[in-house]
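A.B. asks: The whole structure should be built from the sequences, with the hints applied where relevant.
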Amino acid sequence: MARPRNSDKANSPPTPGLPKAPTGIPGLDEITGGGLPRGRPTLLCGSAGSGKTMMAAEFLVHGAMEFDEPGVFMMFEENAEELAQNLRSLGVDLEKLQKQKKIAVDHVHIERNEIQETGEYDLEGLFIRLGHAIDSIGAKRVVLDTIEALFSGLPNHAILRAELRRLFRWLKDRGVTAVITGERGEQSLTRFGLEEYVADCVILLDHRIVDQVSTRRLRVIKYRGTEHGTNEYPFLIGAHGISVLPITSMRLDHPASTERVSTGIDGLDDMLGGTGLFRGSSTLVSGAPGTGKSSLGASFVDAACQRGERALLFAYEESSLQVQRNMGSIGLDLGRWERSGLLHIDASRPTLHGLEQHLVHMYELVRELKPSVVVVDPISNLTMNRDDRALKPALMRLIDFLKDKGVTAVFTSLTSDLAADVADSQVGVSSLMDTWILLSNLADNGERTRTLQVLKSRGMPHSHQVREFMMGNHGLDLVDVYLAGDRVLTGTARISQVAQEQAASDLRQRDHDRRLKELASHRRAIDAQIAVLNAQIEERAGDVEFAIERERLLSDGLSARARKMAQSRDVPPPRPRAAAASEPATARKSAK
Amino acid sequence: MSTRTITAKPGRAAKAVPLSEDKPGVAEWQLRLYVAGRTAKSIAALDNLKRVCESHLAGRYTIEVIDLLVNPRLAAGDQILAVPTLVRKFPEPIRKIIGDLSNEERVLVGLDVQPLR
Numbered sequence: 001m002a003r004p005r006n007s008d009k010a011n012s013p014p015t016p017g018l019p020k021a022p023t024g025i026p027g028l029d030e031i032t033g034g035g036l037p038r039g040r041p042t043l044l045c046g047s048a049g050s051g052k053t054m055m056a057a058e059f060l061v062h063g064a065m066e067f068d069e070p071g072v073f074m075m076f077e078e079n080a081e082e083l084a085q086n087l088r089s090l091g092v093d094l095e096k097l098q099k100q101k102k103i104a105v106d107h108v109h110i111e112r113n114e115i116q117e118t119g120e121y122d123l124e125g126l127f128i129r130l131g132h133a134i135d136s137i138g139a140k141r142v143v144l145d146t147i148e149a150l151f152s153g154l155p156n157h158a159i160l161r162a163e164l165r166r167l168f169r170w171l172k173d174r175g176v177t178a179v180i181t182g183e184r185g186e187q188s189l190t191r192f193g194l195e196e197y198v199a200d201c202v203i204l205l206d207h208r209i210v211d212q213v214s215t216r217r218l219r220v221i222k223y224r225g226t227e228h229g230t231n232e233y234p235f236l237i238g239a240h241g242i243s244v245l246p247i248t249s250m251r252l253d254h255p256a257s258t259e260r261v262s263t264g265i266d267g268l269d270d271m272l273g274g275t276g277l278f279r280g281s282s283t284l285v286s287g288a289p290g291t292g293k294s295s296l297g298a299s300f301v302d303a304a305c306q307r308g309e310r311a312l313l314f315a316y317e318e319s320s321l322q323v324q325r326n327m328g329s330i331g332l333d334l335g336r337w338e339r340s341g342l343l344h345i346d347a348s349r350p351t352l353h354g355l356e357q358h359l360v361h362m363y364e365l366v367r368e369l370k371p372s373v374v375v376v377d378p379i380s381n382l383t384m385n386r387d388d389r390a391l392k393p394a395l396m397r398l399i400d401f402l403k404d405k406g407v408t409a410v411f412t413s414l415t416s417d418l419a420a421d422v423a424d425s426q427v428g429v430s431s432l433m434d435t436w437i438l439l440s441n442l443a444d445n446g447e448r449t450r451t452l453q454v455l456k457s458r459g460m461p462h463s464h465q466v467r468e469f470m471m472g473n474h475g476l477d478l479v480d481v482y483l484a485g486d487r488v489l490t491g492t493a494r495i496s497q498v499a500q501e502q503a504a505s506d507l508r509q510r511d512h513d514r515r516l517k518e519l520a521s522h523r524r525a526i527d528a529q530i531a532v533l534n535a536q537i538e539e540r541a542g543d544v545e546f547a548i549e550r551e552r553l554l555s556d557g558l559s560a561r562a563r564k565m566a567q568s569r570d571v572p573p574p575r576p577r578a579a580a581a582s583e584p585a586t587a588r589k590s591a592k
Numbered sequence: 593m594s595t596r597t598i599t600a601k602p603g604r605a606a607k608a609v610p611l612s613e614d615k616p617g618v619a620e621w622q623l624r625l626y627v628a629g630r631t632a633k634s635i636a637a638l639d640n641l642k643r644v645c646e647s648h649l650a651g652r653y654t655i656e657v658i659d660l661l662v663n664p665r666l667a668a669g670d671q672i673l674a675v676p677t678l679v680r681k682f683p684e685p686i687r688k689i690i691g692d693l694s695n696e697e698r699v700l701v702g703l704d705v706q707p708l709r
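Residue numbers (our numbering), protein chains in the order written: chain U, 1 to 592; chain A, 593 to 709.
Bear in mind the hints are in silico, worked out from the structure with no lab data behind them. A few of these clues could be false.
Rough simulated footprint, nothing fancy, chain U against chain A, three-plus residues with beta-carbon under 8 Å [said to hold, decoys possible]:
#1 625-638
#2 647-654
#3 659-668
#4 673-679
#5 687-693
Derived lysine to aspartate or glutamate pairs resembling DMTMM-like cross-links, with alpha carbons at most 25 Å apart [what the hints assert, rightly or not]:
#6 A:Lys681 <-> U:Asp106
#7 U:Lys392 <-> U:Glu447
#8 U:Lys99 <-> U:Glu82
#9 U:Lys172 <-> U:Glu232
#10 A:Lys642 <-> A:Asp670
#11 U:Lys101 <-> U:Asp68
#12 U:Lys405 <-> U:Glu309
#13 U:Lys99 <-> U:Glu77
#14 A:Lys642 <-> U:Glu120
#15 U:Lys172 <-> U:Asp68
#16 U:Lys96 <-> U:Glu120
#17 U:Lys101 <-> A:Asp670
#18 A:Lys642 <-> A:Glu620
#19 A:Lys681 <-> U:Glu117
#20 A:Lys642 <-> U:Glu117
#21 U:Lys101 <-> U:Glu111
#22 A:Lys681 <-> U:Glu114
#23 A:Lys681 <-> U:Glu120
#24 A:Lys681 <-> U:Glu77
#25 U:Lys370 <-> U:Glu66
#26 U:Lys101 <-> U:Glu117
#27 A:Lys681 <-> A:Glu696
#28 A:Lys681 <-> U:Glu111
#29 U:Lys99 <-> A:Asp670
#30 A:Lys681 <-> A:Glu656
#31 A:Lys642 <-> U:Glu77
Simulated coverage check for chain U against chain A, where a stretch passes if three residues somewhere in it have a Cβ under 8 Å from a Cβ of chain A [to be verified]:
#32 108-117
#33 123-130
Beta carbons: idealized from backbone N, C-alpha and C, even for Gly.
C.D. replies: Set out below in structure tokens:
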């Protein structure tokens with residue numbers, strides 16, 4: 001029984017006052033707050049096949065192997081060989097324990113037709129046998145299974161009852177922790193009213209068939225002097241023995257990690273505040289058929305394995321190889337992780353067991369493999385729509401357990417395709433989840449589009465948009481939100497809108513280019529005109545200056561000549577008529 | 593349960609009463625009486641047993657008394673629960689009579705002995 005139990009033991013709160021003997025049965029010690037009352041008898045009653053003997057035997061074996069408390073198994077129905085066989089199926093070697101003097105077995109066999117009764121007697125023989133067995137190994141624990149067999153073997157019940165009363169008193173005096181099994185009676189807890197003698201602790205085992213699925217349940221009816229869980233708790237007899245499933249560990253004190261882990265889908269990580277889910281949180285992925293729930297789960301597993309973490313995938317719809325093949329089609333190679341041992345795919349049919357049995361199987365695998373990520377695909381299949389009410393407590397237990405172990409969990413859940421039902425049908429479990437991702441199909445305009453939205457995500461900012469969800473050859477991704485006006489577009493509408501806008505934008509760009517070019521050429525034309533005009537004005541200016549110069553030179557020349565002539569001839573100063581005659585010539589020249 | 597012969601040893605508080613002169617040790621009726629200490633019931637049982645045997649099986653029986661307080665190991669062998677218990681080891685099949693054997697008729701029925709009278 002190499003089962004890790006440390007956490008279970010750690011969960012049991014310390015109970016001052018009443019000393020207790022731990023049973024070592026996962027869950028039972030939590031319910032009873034540490035185990036059975038030490039040094040006192042406990043009555044274990046239940047109908048045939050409810051697991052009384054198994055539970056009693058486990059109590060003894062765990063005591064001998066783990067708590068260093070040897071035990072005596074006194075049986076009235078089975079013989080030693082049968083018990084050894086039963087225990088061997090759980091991996092316990094009874095013969096070895098007997099040789100190590102950790103367990104003593106005594107088979108009390110009485111045959112009614114071999115026995116004649118005459119006169120007074122008592123059951124001192126039984127006391128002596130038990131006392132001898134206890135002394136021979138220093139036993140601290142005793143199991144009497146099923147002492148009621150004496151009632152059919154011994155005719156005088158008056159003596160028997162007196163002796164039983166004495167026996168239980170004697171067991172208390174010896175200080176052994178005793179477990180007495182008793183067959184369930186019709187009116188009373190046990191057929192012969194053993195509860196009358198054993199008043200310290202009474203545990204009732206029950207085996208019920210509901211809708212063809214059997215569930216074992218356990219209830220602590222009475223536990224004098226200590227608090228205990230009073231609910232009915234399902235329990236199972238699995239490959240490693242009995243496991244009791246407390247609904248929750250009665251407290252709500254999980255560690256809360258602030259570390260974030262990627263979902264394996266970049267777009268989804270972005271929606272969840274950019275960094276993904278909290279480690280150790282629980283996520284519900286719900287959606288109609290074909291919305292990509294399994295792919296999302298597989299993607300999450302793939303991301304975990306890429307980080308080098310261990311992952312566990314419970315597949316209730318497809319076989320392991322089928323999952324690997326199908327996820328290969330979207331570029332997720334789960335096969336390599338499974339080969340490297342990082343990933344374990346546990347595929348089983350939901351109908352294989354009842355819900356509780358599945359749960360225990362999960363517990364065992366999680367304990368054994370210690371994954372950091374668990375994906376259950378899908379949880380809705382587990383109930384087979386038999387009893388939805390059972391799903392919530394079962395899930396609560398599972399979530400509780402996984403949170404306690406710090407495992408990040410993703411549960412997928414199949415919902416009907418009607419949008420109105422989606423919220424309704426998930427109300428039961430969604431409140432347990434930290435994050436709820438809803439996948440849906442939008443059927444519009446002759447096509448179907450997968451969309452994803454984050455309905456809630458505790459403790460982190462998250463996007464409120466509905467994003468389109470794509471499955472490609474290279475895994476999953478989310479398309480950026482496409483807003484056109486006041487609408488978010490998806491699918492073909494998005495693609496056509498993108499194309500339209502692209503075309504419009506191209507056109508605009510060209511128009512802009514054209515107009516700019518036009519402007520540039522216009523500018524060039526004007527520049528050229530300016531150059532011409534400038535050239536003209538330059539030319540004109542040159543002409544004007546030239547004319548002015550010439551005229552001045554001319555007029556200077558004339559006056560100089562006149563003075564010269566006057567000097568030479570000594571004539572009177574020139575007549576104004578001569579000066580006037582030269583003017584028209586200058587004017588004609590400058591006009592040119 | 594095998595019919596192994598338990599011979600009387602000192603300190604075992606077993607009292608063999610061989611009364612057969614012909615074949616000592618191999619009596620026709622081998623009886624064993626389990627008691628727990630010398631209580632009134634065990635003394636009465638032994639007295640009653642001796643009387644019945646003397647009356648009906650004279651010379652053909654052995655009685656072995658085993659005190660379980662001294663030999664608790666032996667209780668499991670013959671599946672003893674009640675004391676006193678008388679076990680008819682031989683002739684087979686094994687028969688058991690519990691109680692102080694105060695009712696002679698029932699002892700004879702229990703031992704399957706034909707009464708002489």
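A.B. asks: Against each hint, give a clear statement of whether it holds in the structure.
C.D. replies: These are the hints, each one checked on the structure:
1. 625-638: Contact hint for the region 625-638 of chain A vs chain U: holds, 5 residues under 8 Å.
2. 647-654: violated (count 0)
3. 659-668: holds (count 6)
4. 673-679: This one holds; 5 residues, not fewer than the three required, reach chain U with a Cβ under 8 Å.
5. 687-693: holds (count 7)
6. A:Lys681 <-> U:Asp106: holds, 21 Å
7. U:Lys392 <-> U:Glu447: violated, 36 Å
8. U:Lys99 <-> U:Glu82: holds, 17 Å
9. U:Lys172 <-> U:Glu232: violated, 28 Å
10. A:Lys642 <-> A:Asp670: With Cα atoms ~21 Å apart, lysine 642 of chain A and aspartate 670 of chain A stay inside 25 Å; holds.
11. U:Lys101 <-> U:Asp68: At roughly 11 Å apart (the allowed maximum being 25 Å), aspartate 68 of chain U and lysine 101 of chain U satisfy the hint.
12. U:Lys405 <-> U:Glu309: Holds, at about 14 Å.
13. U:Lys99 <-> U:Glu77: holds, 23 Å
14. A:Lys642 <-> U:Glu120: Holds, at roughly 17 Å.
15. U:Lys172 <-> U:Asp68: holds, 20 Å
16. U:Lys96 <-> U:Glu120: Not OK: lysine 96 of chain U and glutamate 120 of chain U at ~41 Å, beyond 25 Å, violated.
17. U:Lys101 <-> A:Asp670: Since the Cα atoms of lysine 101 of chain U and aspartate 670 of chain A sit roughly 23 Å apart, the hinted pair holds (cutoff 25 Å).
18. A:Lys642 <-> A:Glu620: holds, 16 Å
19. A:Lys681 <-> U:Glu117: holds, 17 Å
20. A:Lys642 <-> U:Glu117: With Cα atoms ~17 Å apart, lysine 642 of chain A and glutamate 117 of chain U stay inside 25 Å; holds.
21. U:Lys101 <-> U:Glu111: violated, 29 Å
22. A:Lys681 <-> U:Glu114: holds, 12 Å
23. A:Lys681 <-> U:Glu120: Judged against 25 Å, a Cα distance of about 22 Å means the pair holds.
24. A:Lys681 <-> U:Glu77: Since the Cα atoms of lysine 681 of chain A and glutamate 77 of chain U sit roughly 24 Å apart, the hinted pair holds (cutoff 25 Å).
25. U:Lys370 <-> U:Glu66: holds, 22 Å
26. U:Lys101 <-> U:Glu117: Violated. Lysine 101 of chain U to glutamate 117 of chain U sits at ~36 Å, over the 25 Å cutoff.
27. A:Lys681 <-> A:Glu696: holds, 19 Å
28. A:Lys681 <-> U:Glu111: With a Cα-Cα distance of about 16 Å, the restraint between lysine 681 of chain A and glutamate 111 of chain U holds, given a limit of 25 Å.
29. U:Lys99 <-> A:Asp670: With Cα atoms ~22 Å apart, lysine 99 of chain U and aspartate 670 of chain A stay inside 25 Å; holds.
30. A:Lys681 <-> A:Glu656: holds, 10 Å
31. A:Lys642 <-> U:Glu77: Judged against 25 Å, a Cα distance of about 35 Å means the pair is violated.
32. 108-117: Held - the region 108-117 of chain U has 7 residues with a Cβ nearer than 8 Å to chain A, which meets the minimum of three.
33. 123-130: holds (count 6)
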